Each structure stands twice: as C-alpha cells, then as structure tokens.
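Sequence lines, in order, name chains A and B. Take 1 as the starting number for the first sequence in our numbering and just add one per residue. Take 1001 as the starting number for the second sequence in our numbering and just add one per residue.
Hint data in this document are derived by calculation from the structure and do not stem from the laboratory. Source: prediction; values computed, not measured. We put the CB at the ideal spot given by N, CA and C, even for glycine.
So, partial list: chain A residues that the calculated Cβ filter (under 7 Å) puts toward chain B:
1. Asp42
2. Pro43
3. Phe45
4. Ser48
5. Asp56
6. Phe90
7. Asn99
8. Phe104
9. Gly105
10. Gly107
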Amino acid sequence: AAGVIQSPRHLIKEKRETATLKCYPIPRHDTVYWYQQGPGQDPQFLISFYEKMQSDKGSIPDRFSAQQFSDYHSELNMSSLELGDSALYFCASSLSGANSPLHFGNGTRLTVT
Amino acid sequence: SQQGEEDPQALSIQEGENATMNCSYKTSINNLQWYRQNSGRGLVHLILIRSNEREKHSGRLRVTLDTSKKSSSLLITASRAADTASYFCATDNSGGSNYKLTFGKGTLLTVNP
Chain A
1 AAGVIQSPRH LIKEKRETAT LKCYPIPRHD TVYWYQQGPG QDPQFLISFY
51 EKMQSDKGSI PDRFSAQQFS DYHSELNMSS LELGDSALYF CASSLSGANS
101 PLHFGNGTRL TVT
Chain B
1001 SQQGEEDPQA LSIQEGENAT MNCSYKTSIN NLQWYRQNSG RGLVHLILIR
1051 SNEREKHSGR LRVTLDTSKK SSSLLITASR AADTASYFCA TDNSGGSNYK
1101 LTFGKGTLLT VNP
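Sequences and hints are given; from them, build the entire structure.
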C-alpha cells in the first residue's frame, strides 16, 4: 500500500539559510499535517491543510510557511534557519473527520550548523 | 500546552513479560490514539479508542480509557524484542473541527531478549 512520502530524507543547512521539505500524502487522503520532533521530544503540531486550504496552525514560527498544491502534495518552507530548528520534520496524512488515524512519513532530518 | 503525558518515561523488561504504559491528559477528548515510533522513523498508528469506549483489543495490545480520570493505558502482552520502540499517546480534542492530534512525551520501551 502507498505510504506518505517525504523528501529529502536528510538535509544539512547553515544558519540563516532556507530549506524546503516536501510531502506526498497517501492518495485520496484530504488532510495533511506537519509535525516537528526535537531530539527526545514528542512531535509538536505545526500546521495542517484540508483540501488545499490551511485548516489549523500550531506552534509554527513566522519564519516557516507551508502550502498544499493542486496535486495534494505539500511543502514546508523554512527561512532564516536557526540552530534550534534542527529536528525531525514529519508529514502525516489522513482522511478528514474525527476518529481517523494519521499516517506518517519517515520524516526529514534537518540539521542546521 | 502538553495534552498527553506518559509514564513511565522509560521501561525495560524481558522478552515474554507484559509492558504497561500510562497516559494522562487534561481536556475532554473525542478519541485517544496510541502510536509507536522506532528510533528516527515515522510514527505508526497502533490503536484508537473513542471517548465512549472503555477498552479495546488488537492482537497483543490492550488499551483502556478512563475519561473520569482522564487517563489511558496501553498493555503489550508477551513482549518481543521487536516491540522495542517509543510509544506515544495522542489525543483528539478538536471538537469535531480542525481535526489534529496532540502527542504526549512518550515511553521508551526496551525489551531485552
């Protein structure tokens, strides 16, 4: 079965650079989520999209933005990177509505040096 | 604010033993879900229990939910070395709109062969 695809798997950037993370949800899933997970931490909700419209926003810095495109893939854009942005970034997708489990990709490990 | 809090933070057992992890949360929920994460990988959905359910089984997994105490437990019976992972509870308290999950801090389970 198709899973959530994230790219790249690893990314190394320097401070103040920009990064773009991509996510391809499971076909026919209409909701996409982005989570950030620091070392030894729980996943923190950043932002979600339902049918290509932003549906909810969590603890996402103003330096970050995201969008969902017509083919339902999503991109997380991160600018003015800081050392503290080093983390695993997960994309997940689901069908809309309550009681729908989230299906996670394997994440992008971002290292800011 | 953190919704789910797991305890213990770490648990080490021998193969064949049972493992119990607990989760507490603060607000009312629609459902509570448990996820598993192998080191550096994406989260995998294990089981979902609705707010009107008290117990649910799936294979070697048993989940209980006590909404009066705002707590849940995950029991893994007859553990195997392959069960070694971090386990997170996540709550949906969206009220039916802008569905998203809030994760707890997780329990690191080590099953020794």
